[in-house]
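Asker: Reconstruct the complex from the two isolated chains, following the hints.
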Amino acid sequence: EDQVTQSPEALRLQEGESSSLNCSYTVSGLRGLFWYRQDPGKGPEFLFTLYSAGEEKEKERLKATLTKKESFLHITAPKPEDSATYLCAVLGNTDKLIFGTGTRLQVFP
Amino acid sequence: DAGVIQSPRHEVTEMGQEVTLRCKPISGHNSLFWYRQTMMRGLELLIYFNNNVPIDDSGMPEDRFSAKMPNASFSTLKIQPSEPRDSAVYFCASSQGSNQPQHFGDGTRLSIL
Numbered sequence: 052e053d054q055v056t057q058s059p060e061a062l063r064l065q066e067g068e069s070s071s072l073n074c075s076y077t078v079s080g081l082r083g084l085f086w087y088r089q090d091p092g093k094g095p096e097f098l099f100t101l102y103s104a105g106e107e108k109e110k111e112r113l114k115a116t117l118t119k120k121e122s123f124l125h126i127t128a129p130k131p132e133d134s135a136t137y138l139c140a141v142l143g144n145t146d147k148l149i150f151g152t153g154t155r156l157q158v159f160p
Numbered sequence: 011d012a013g014v015i016q017s018p019r020h021e022v023t024e025m026g027q028e029v030t031l032r033c034k035p036i037s038g039h040n041s042l043f044w045y046r047q048t049m050m051r052g053l054e055l056l057i058y059f060n061n062n063v064p065i066d067d068s069g070m071p072e073d074r075f076s077a078k079m080p081n082a083s084f085s086t087l088k089i090q091p092s093e094p095r096d097s098a099v100y101f102c103a104s105s106q107g108s109n110q111p112q113h114f115g116d117g118t119r120l121s122i123l
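Chains F and X, in that order, are what the protein sequence lines are.
For the first sequence, the positions run 52 to 160 when our numbering is used.
For the second sequence, the positions run 11 to 123 when our numbering is used.
So here's chain X without its partners, still in its complex pose (with noise of 0.2 Å):
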C-alpha cells in the first residue's frame, strides 16, 4: 500500500520566494494534517483538515503560511514571502479519523536562504 506521499523532498530557496509543499494522503484517510519539525521545538502541529475542510489553523506561524486540500488526494502549504527562520522539516500526516494513528510522509526538508 502506498504511504503518505510528500514532494519536493528537498527545497532550497532564497529569502522572499514563494515555496510550495505537497501532500498525497493514504487513500481513504480523511483526516489530513500539516507538521514542522525544528531541533529546538520539535514536532508542531500547523493545520489540520477533516474531509477537505480546515478544521484548526491555530498553529499556523504567519499569515504567509496558507494551506489548501481542493480534494481527498491532495493538499498543498504555501510560504509567500518565505524567511530564513522557516527553514524546518516539513510533514504531512493523514488518519482514518481524529483519534486514529497518524502515518507521516518523509517530509520537505525546507532551506530558505
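Pulled out of the complex, with its shape left as it was, chain F reads as follows (with noise of 0.2 Å):
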C-alpha cells in the first residue's frame, strides 16, 4: 500500500533560521513526488515536482530533493510568510495521489 509520512508534524523557526523537512514514503512504481504548500483557508498551492531519485528543484528560499525512500524540502533563512503547512504527495502505480498530513511550519520575526 502507498505510504507517506511527514515529519516533523509541526515545526517553529526563527526567521533566518534554516531547517528540512522531511517526507518518508512507500510506493509502488513512483511517478511523481510533489510538494504543496497550504495556507489556512486555502487550498493546497503546488510548489514542486520530482521525478526520480537524485533529483532537485529550487525556488526562492526552497529547495526540494529527493531519494529512493525520501524526500527533503530545505528552507533557507526563512521569513514569515514562510509559514504554512507543507503537503508532501506520492503518484504511483494506482494513478492516485497519496498525501501525508503535513509540516506546519511557523517563522518567527
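Treat the hints with caution; some may be incorrect.
Across the chosen pairs, the derived CB separations fall in these ranges [to be verified]:
1) F/69 / X/54: 43 to 49 Å
2) X/93 / F/60: 45 to 51 Å
3) F/82 / X/61: 18 to 24 Å
4) X/13 / F/71: 44 to 50 Å
5) X/71 / F/61: 26 to 32 Å
6) F/59 / X/83: 17 to 23 Å
7) X/73 / F/108: 40 to 46 Å
8) F/82 / X/17: 43 to 49 Å
9) F/70 / X/109: 28 to 34 Å
10) X/62 / F/120: 36 to 42 Å
11) F/108 / X/13: 17 to 23 Å
12) F/92 / X/54: 16 to 22 Å
No lab work stands behind these hints, which were simulated from the structure alone.
Cβ coordinates follow ideal geometry from the N, Cα and C atoms, glycine included.
Answerer: Structural data, given as C-alpha cells:
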C-alpha cells in the first residue's frame, strides 16, 4: 500500500534559521513526488514535482530533493511569510495521489 | 489565468438535507479530482475523472455520495442525505494529465448540523 509520512508534525523557526522538512514514502512504481504549500482557508498550492532519485528543484528559499525512500524540503533563511503547512504527496501505479498529513511551519520575526 | 473555481465557499445545513458542491476546472485540463480534508484523516481522494469519465470512485465513502461531470468545464459532488460526520473541507483539483501537478481550488467548508 502506498504510504507517505511527514516529519516533524510542527516546526517553529526564528526568521533566518534554516531547516529541513522530511517526507518518507513507500510506493509501487514512483511516477512523481509533489510538494505543496497550504495556507489557512486555502487550497494546496503546487510547489515542485520530482520524478527520480537525485533530482533537485529550487524556488526562492525552498529546495526539494529526492532519494529512493524520502524527500526533503530545505528552507534557507526563512521569513514569516513562509509560515504555512507543507504537504508531500506521491503518485504511483495506482494513479492516485497519496498525501502525507503535512508539516505545520511557523516562522517568527 | 483563472484557477479552479469552487462554490459555495461555505455551506451550513441540517442533517438530512441534500448538499451540492460545484467545481469549474482550469480550461484545458482533462483530469478532475474531488478530495475531502479533515484534521483526523488529512486529504483523501474521493473520485477522479479523465475526459469527463469517472475512472475511480473507490474513495467515495457511501452511496450517499455521488459525483458527475457533464462537460469539460463543470463537475458536481452531491451528498444526499447529509450527516454530521460529512462535515469537512471539500476540494476540487484539476490537471493536464494523471501524472501532472494537480491544481486545487480554495475548497468548500461544509458543516452539517
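Asker: Taking the hints in turn, state whether each one holds.
Answerer: Hints, one by one, checked against the model:
1. A hinted range of 43 to 49 Å for the beta carbons of residue 69 of chain F and residue 54 of chain X is inconsistent with their spacing of about 33 Å.
2. Between residue 93 of chain X and residue 60 of chain F the C-beta distance comes to about 29 Å, which lies outside the given range of 45 to 51 Å.
3. Between residue 82 of chain F and residue 61 of chain X the beta carbon distance is about 19 Å. The supplied range of 18 to 24 Å therefore holds.
4. At roughly 29 Å, the beta-carbon separation of residue 13 of chain X and residue 71 of chain F lies outside the given 44 to 50 Å, and the hint is violated.
5. The beta-carbon spacing between residue 71 of chain X and residue 61 of chain F, approximately 28 Å, falls within the hinted interval of 26 to 32 Å.
6. The hinted range of 17 to 23 Å is not satisfied by residue 59 of chain F and residue 83 of chain X, whose Cβ atoms lie roughly 41 Å apart.
7. At roughly 42 Å, the beta carbons of residue 73 of chain X and residue 108 of chain F sit within the given window of 40 to 46 Å.
8. Restraint check, residue 82 of chain F to residue 17 of chain X: a C-beta distance of roughly 32 Å breaks the suggested window 43 to 49 Å.
9. A hinted range of 28 to 34 Å for the beta carbons of residue 70 of chain F and residue 109 of chain X is consistent with their spacing of about 30 Å.
10. Restraint check, residue 62 of chain X to residue 120 of chain F: a C-beta distance of roughly 37 Å satisfies the suggested window 36 to 42 Å.
11. The hinted window of 17 to 23 Å between residue 108 of chain F and residue 13 of chain X holds, with their beta carbons roughly 21 Å apart.
12. Range check, residue 92 of chain F to residue 54 of chain X: Cβ separation about 19 Å, and the 16 to 22 Å hint holds.
Hints 1, 2, 4, 6 and 8 from the list above are not met by this structure, while the remaining hints are.
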